[in-house]
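*Asks:* Residues per chain, in single letters:
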Amino acid sequence: MHRIIQLLYRSAATAGLLVAVGAAAYAEPLKLVICHVDDRSGSAADTGIESLNGLKMVIDPLNEAGGINGQKVELITYDTKTDPQLAANFGTRCSEDDKGLLIIGGSPSAVANSLVTVANQTKTPLYILAAAAPNVTDNAEYQFRFGPKVTQDSIAVADALSKNGIKSVAIINNSVPFGISGAASATEELAKKNITVATQQTYDVAATDVSPQVINLMQADAEAILVYPYPADGARVIRTIRQMDIDKPVIMPRVGMMKAFRDLAADTGNGVLVPSSVDTTRPEVAELFKKYSEQFGPLAISPSPAQGYDAGTLTVAVLKDEKVQAAIQAGDLQGARDAIRDATTRHGDFVGMQGTAQSGYKFSKSHHGPTDEGFFVFVKVADDGKSLEAVDAAAALKK
Amino acid sequence: MAANTVPGAPRSPTIVPVLVVLALGIALPFLLTSGFHLRLAMLVWIYAILCMGFNLLYGYSGQISLGSPAFYAIGGYAFAMLQTMLGMGPVSAFVGSLLLVAVLSLLIGLPLLRLRTHYLAMATLAFMLVQNGVANRWINFTGGQSGVAVPPLEWGGEPIGRMGIYFVILALAAAVFIFHDFLIRSHLGRAMQAIRDDETAAQALGVKVTRMKLAVLVLSAVMAAIAGVCFGITSLRVDPSLSEFHVLVSLLTIVVVGGLGTRFGPILGSIIVVLLPQLLHEFGELETVVYGLFILLFLLFLPHGLSGLLERREWRLRRTEKKPAPAVTRNLKEELP
Numbered sequence: 001m002h003r004i005i006q007l008l009y010r011s012a013a014t015a016g017l018l019v020a021v022g023a024a025a026y027a028e029p030l031k032l033v034i035c036h037v038d039d040r041s042g043s044a045a046d047t048g049i050e051s052l053n054g055l056k057m058v059i060d061p062l063n064e065a066g067g068i069n070g071q072k073v074e075l076i077t078y079d080t081k082t083d084p085q086l087a088a089n090f091g092t093r094c095s096e097d098d099k100g101l102l103i104i105g106g107s108p109s110a111v112a113n114s115l116v117t118v119a120n121q122t123k124t125p126l127y128i129l130a131a132a133a134p135n136v137t138d139n140a141e142y143q144f145r146f147g148p149k150v151t152q153d154s155i156a157v158a159d160a161l162s163k164n165g166i167k168s169v170a171i172i173n174n175s176v177p178f179g180i181s182g183a184a185s186a187t188e189e190l191a192k193k194n195i196t197v198a199t200q201q202t203y204d205v206a207a208t209d210v211s212p213q214v215i216n217l218m219q220a221d222a223e224a225i226l227v228y229p230y231p232a233d234g235a236r237v238i239r240t241i242r243q244m245d246i247d248k249p250v251i252m253p254r255v256g257m258m259k260a261f262r263d264l265a266a267d268t269g270n271g272v273l274v275p276s277s278v279d280t281t282r283p284e285v286a287e288l289f290k291k292y293s294e295q296f297g298p299l300a301i302s303p304s305p306a307q308g309y310d311a312g313t314l315t316v317a318v319l320k321d322e323k324v325q326a327a328i329q330a331g332d333l334q335g336a337r338d339a340i341r342d343a344t345t346r347h348g349d350f351v352g353m354q355g356t357a358q359s360g361y362k363f364s365k366s367h368h369g370p371t372d373e374g375f376f377v378f379v380k381v382a383d384d385g386k387s388l389e390a391v392d393a394a395a396a397l398k399k
Numbered sequence: 400m401a402a403n404t405v406p407g408a409p410r411s412p413t414i415v416p417v418l419v420v421l422a423l424g425i426a427l428p429f430l431l432t433s434g435f436h437l438r439l440a441m442l443v444w445i446y447a448i449l450c451m452g453f454n455l456l457y458g459y460s461g462q463i464s465l466g467s468p469a470f471y472a473i474g475g476y477a478f479a480m481l482q483t484m485l486g487m488g489p490v491s492a493f494v495g496s497l498l499l500v501a502v503l504s505l506l507i508g509l510p511l512l513r514l515r516t517h518y519l520a521m522a523t524l525a526f527m528l529v530q531n532g533v534a535n536r537w538i539n540f541t542g543g544q545s546g547v548a549v550p551p552l553e554w555g556g557e558p559i560g561r562m563g564i565y566f567v568i569l570a571l572a573a574a575v576f577i578f579h580d581f582l583i584r585s586h587l588g589r590a591m592q593a594i595r596d597d598e599t600a601a602q603a604l605g606v607k608v609t610r611m612k613l614a615v616l617v618l619s620a621v622m623a624a625i626a627g628v629c630f631g632i633t634s635l636r637v638d639p640s641l642s643e644f645h646v647l648v649s650l651l652t653i654v655v656v657g658g659l660g661t662r663f664g665p666i667l668g669s670i671i672v673v674l675l676p677q678l679l680h681e682f683g684e685l686e687t688v689v690y691g692l693f694i695l696l697f698l699l700f701l702p703h704g705l706s707g708l709l710e711r712r713e714w715r716l717r718r719t720e721k722k723p724a725p726a727v728t729r730n731l732k733e734e735l736p
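The listed protein sequences correspond, in order, to chains S and G. Just so you know, the numbering used here puts 132 at position 132 of the first sequence, and the rest follows in order with no gaps. Each position in the second sequence, counted from 1, maps to that position plus 399 in the numbering used here.
Derived by calculation from the structure, the hints in this document are not laboratory data. Predicted, not measured: the structure shown is a model, and the values here were computed from it. Think of the CB as a built atom: it goes at the ideal place given N, C-alpha and C, for glycine as much as any other residue. Careful: at least some of the hints might be erroneous.
[Unchecked claim] Stretch by stretch, here's where chain S covers chain G in the computed footprint (C-beta under 8 Å, at least three residues):
{"#": "1", "segment": "429-435"}
{"#": "2", "segment": "456-463"}
{"#": "3", "segment": "530-538"}
{"#": "4", "segment": "630-638"}
With the hints as extra help, turn the sequences into a complete structure.
*Replies:* And the structure:
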């Protein structure tokens with residue numbers, strides 16, 4: 001009797017195993033779904049659109065060539081309109097309804113923060129694009145950043161100022177998160193180089209008149225001015241600075257490169273210095289921007305297409321990864337997401353279109369993003385805002 | 400005159416429609432096909448709670464206060480920080496956050512409620528901006544733009560799943576909804592409407608105007624705080640975006656679409672405002688334009704919103720059924736010497 005029961009158990013176990021193996025063997029492979037969840041309207045529309053175009057420059061030719069192992073990459077796009085709660089909804093929709101393998105997006109920091117929560121909750125890998133917030137990849141498991149944190153811009157600025165013997169700086173920033181965190185990180189990094197902040201002025205992002213704050217800058221008589229604005233208010237600040245004949249070097253991280261700022265500032269923007277994570281003196285980067293302009297229309301140097309392109313490049317590399325492919329072919333969604341997370345750290349130390357030829361991304365390191373040192377070059381707004389020129393920071397900041 | 404611009408409240412003698420709505424809420428998770436849909440349902444209830452407070456304050460009492468997003472954020476932050484900084488459990492943190500918001504709104508209400516109309520709107524808007532500024536700038540305390548993580552709700556040492564969280568939120572929403580309905584249908588609701596229509600006349604009728612306005616402000620703030628806590632347990636994070644303009648815009652849109660000063664307006668409006676962006680996603684780049692057009696059409700053709708349309712129709716029908724009443728009045732008049 002005992003042997004019969006044992007036999008029955010064994011038969012049941014064998015049948016169960018066969019069913020499981022059979023199910024795995026006939027499991028439908030996962031679709032290669034990735035989602036771009038970012039602003040295409042709202043305050044960061046330019047960055048979202050440009051990064052999406054950069055991403056398409058990698059994905060579209062890949063699909064035209066047949067995709068990965070015969071499977072095309074399906075790109076789903078969501079416009080977050082600078083609304084973090086909408087971003088969280090779209091992120092969740094991507095993970096749970098679209099069965100997305102990977103989320104790419106989050107140019108404004110608030111949107112990126114929302115997506116980080118979604119990534120952690122749903123265990124979906126997230127490639128963050130332009131967000132400047134310093135800690136979105138602290139203790140990160142599923143999230144990786146392509147845009148440098150604002151602290152890294154500040155390190156580059158403090159380095160350049162220090163090398164040129166500048167000892168006092170005035171900071172002016174708007175009251176939105178980018179302005180506040182930019183000014184805070186700059187103050188911290190400047191202090192490390194013994195550079196004094198002569199004054200720090202904050203204005204409302206919608207303020208039409210920033211002359212009270214600019215007068216205070218003038219009175220502080222610092223050797224250089226550091227501005228953390230959004231495009232429209234940045235143009236108002238630079239116009240006011242020029243109207244008051246303040247003849248000091250003006251450094252405007254990130255926003256100085258944006259087309260909206262340069263268009264609005266026009267001739268008054270000339271000479272504004274910007275630490276740039278894109279080095280167009282590199283031939284491959286120049287080629288990327290040439291192709292971009294041919295495909296999507298004229299564009300001056302901007303990190304966003306490069307970030308989208310780099311995110312796309314790494315996406316393709318991880319989707320081709322052997323372990324990722326095994327999970328995809330087995331139809332194991334969470335297994336594929338975890339494999340993509342692990343493959344990102346394996347393939348993610350690379351020099352992309354952002355950064356310099358020596359310094360690129362370090363996703364194997366704990367902060368999951370660009371390297372802290374040597375990632376930036378300086379550019380200068382020129383030709384009444386129509387172009388950006390590579391510039392030697394030493395010459396531009398010379399007293 | 401004010402009664403022409405703000406719909407009068409139907410004082411339905413029955414709570415049955417409210418219970419029907421809540422029964423639908425209970426059935427909803429079993430009809431939905433994905434966790435994402437459940438998340439949307441949770442957001443609908445969260446916005447409904449937030450807007451029910453705003454409805455009492457603005458729709459029924461006529462106090463144009465734009466500070467609700469600030470209390471929404473403070474509620475969420477307090478719930479998170481009482482747990483992470485003081486080690487409180489979720490229940491005591493919940494009670495603590497509501498008490499904190501109640502005291503704060505009382506302190507703010509005392510000077511601000513002396514103001515009326517757009518002055519009150521401006522002052523409460525300024526309060527929202529100050530709160531947002533503090534949340535953004537006091538980085539060491541509030542975490543700046545990254546905000547504060549909310550510990551997940553647990554049951555028996557295990558995190559509660561999305562379905563469980565939905566029912567927690569539904570229970571809170573039900574409590575607020577029933578209370579909202581009770582207030583509207585009670586003498587307090589009539590007192591609130593009297594204040595809205597004419598403060599002086601209300602005072603002459605014996606309504607303690609200042610005390611009533613303050614009570615409604617505190618109540619509305621506490622409801623906003625409940626919504627903030629619910630958002631925290633849904634998203635496991637609170638950050639300054641809770642008191643940014645898009646929340647205020649959503650609040651006002653819900654009011655327009657759902658109907659100001661109506662029983663079901665906050666829920667109907669929340670359904671539209673939460674679901675519409677998901678449905679309009681198909682329009683691609685035209686999505687924002689279509690959304691704007693939709694709101695414009697509501698403003699033009701349904702100024703009292705969806706709920707206003709339904710409730711006013713119901714009310715009119717009831718009034719028509721009671722037509723003999725004027726005849727009695729006329730007869731009485733005829734009997735007078």
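*Asks:* Are the hints correct? Go through all of them and say.
*Replies:* Now for the hints, and whether the structure bears them out:
1. 429-435: holds (count 3)
2. 456-463: violated (count 0)
3. 530-538: With 4 residues in contact (Cβ-Cβ under 8 Å with chain S), the coverage given for the segment 530-538 of chain G holds.
4. 630-638: With 4 residues close enough to chain S, the hint holds.
In this structure, only the earlier hint numbered 2 is contradicted, and the remaining ones agree with it.
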